[in-house]
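Starting from the structure of chain R, add chain V where the hints point.
There are 2 protein chains.
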Amino acid sequence: MEGAIKTVVMQYLTSARGKDSLGGKSFQKLVQSQLGNILSDTDSSSAVKDMMKGLDDNHDGKVSFQEYLTLVGYLANSMSEQKSAASGPEETPKH
Amino acid sequence: MEGAIKTVVMQYLTSARGKDSLGGKSFQKLVQSQLGNILSDTDSSSAVKDMMKGLDDNHDGKVSFQEYLTLVGYLANSMSEQKSAASGPEETPKH
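Protein sequences, first through last, are from chains R and V.
The numbering of the first sequence is the working numbering, which starts it at -11 and goes up by one.
The numbering of the second sequence is the working numbering, which starts it at -11 and goes up by one.
No lab work stands behind these hints: they were computed from the structure.
Treat the numbers as computed from the prediction; the structure is a model and nothing was measured.
Mixed in with the good hints, there may be bad ones.
Given that identical chains are not distinguished, each listed pair holds provided it fits within a single copy or across any two copies.
[Claimed, not checked] The calculated DMTMM-like cross-link candidates involving lysine to aspartate or glutamate, where the alpha carbons are at most 20 Å apart (straight line), are: (1) K7 / D44; (2) K17 / E(-10); (3) K71 / D8; (4) K7 / E69.
Isolated chain R (complex conformation) (with noise of 0.2 Å):
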């Protein structure tokens, strides 16, 4: 697991070309390239625009590490819980 871990980490840190946060352009890419199986209408800019708002807590306009975190997540998240309602069969509907 520690290789997955650094693969979120790296894949930020090659985004962001040495600076602190991701500007728009480079979270567009970023979701696009390694997002977009799993999130939808990462071709639309306005829908990534829409989802960099709302993961960004100090409103600086950029997508900070932590930020970023908080929708590798999020994402987790909802994969857990997919994967969970898959696997548990008192979640299935019975008749």
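Quick look at chain V alone, frame taken from chain R:
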């Protein structure tokens, strides 16, 4: 990166074996087998217990998925700080 997030999620779900949270033994096993290279003292059960207490926000003696994500976020943060420091020329001593 989707695969990386999935790995983090599945690691927890596999360790939890259908339960809502991880007990002490399952948590120790997960930490030992998956995070032994980036965390110190994972072989010491008292060190892992202390870490567990630190994560256990709701004090139920178990590690929920949220609490587990806190650990992952913490590890991602420290990895990111190490990597940024290593790659940022302004951070390295110049003499």
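Evaluation of the provided hints:
For a Cα distance limit of 20 Å, the shortest separation of K7 from D44 inside one copy, 16 Å, qualifies, whereas the shortest one across copies, 33 Å, does not. Taking the shortest Cα distances, K17 and E(-10) sit within 20 Å of each other only across copies (15 Å), while inside one copy they are farther apart (25 Å). In the homo-oligomer, the alpha carbons of K71 and D8 lie at most 20 Å apart only across protomers (12 Å), although the nearest pairing inside one protomer, at 34 Å, exceeds that limit. Taking identical chains as interchangeable, the C-alpha atoms of K7 and E69 lie at most 20 Å apart only when they sit on different chains, with a minimum of 13 Å there against 34 Å within one chain.
Going through the hint list in order, the structure satisfies each hint without exception.
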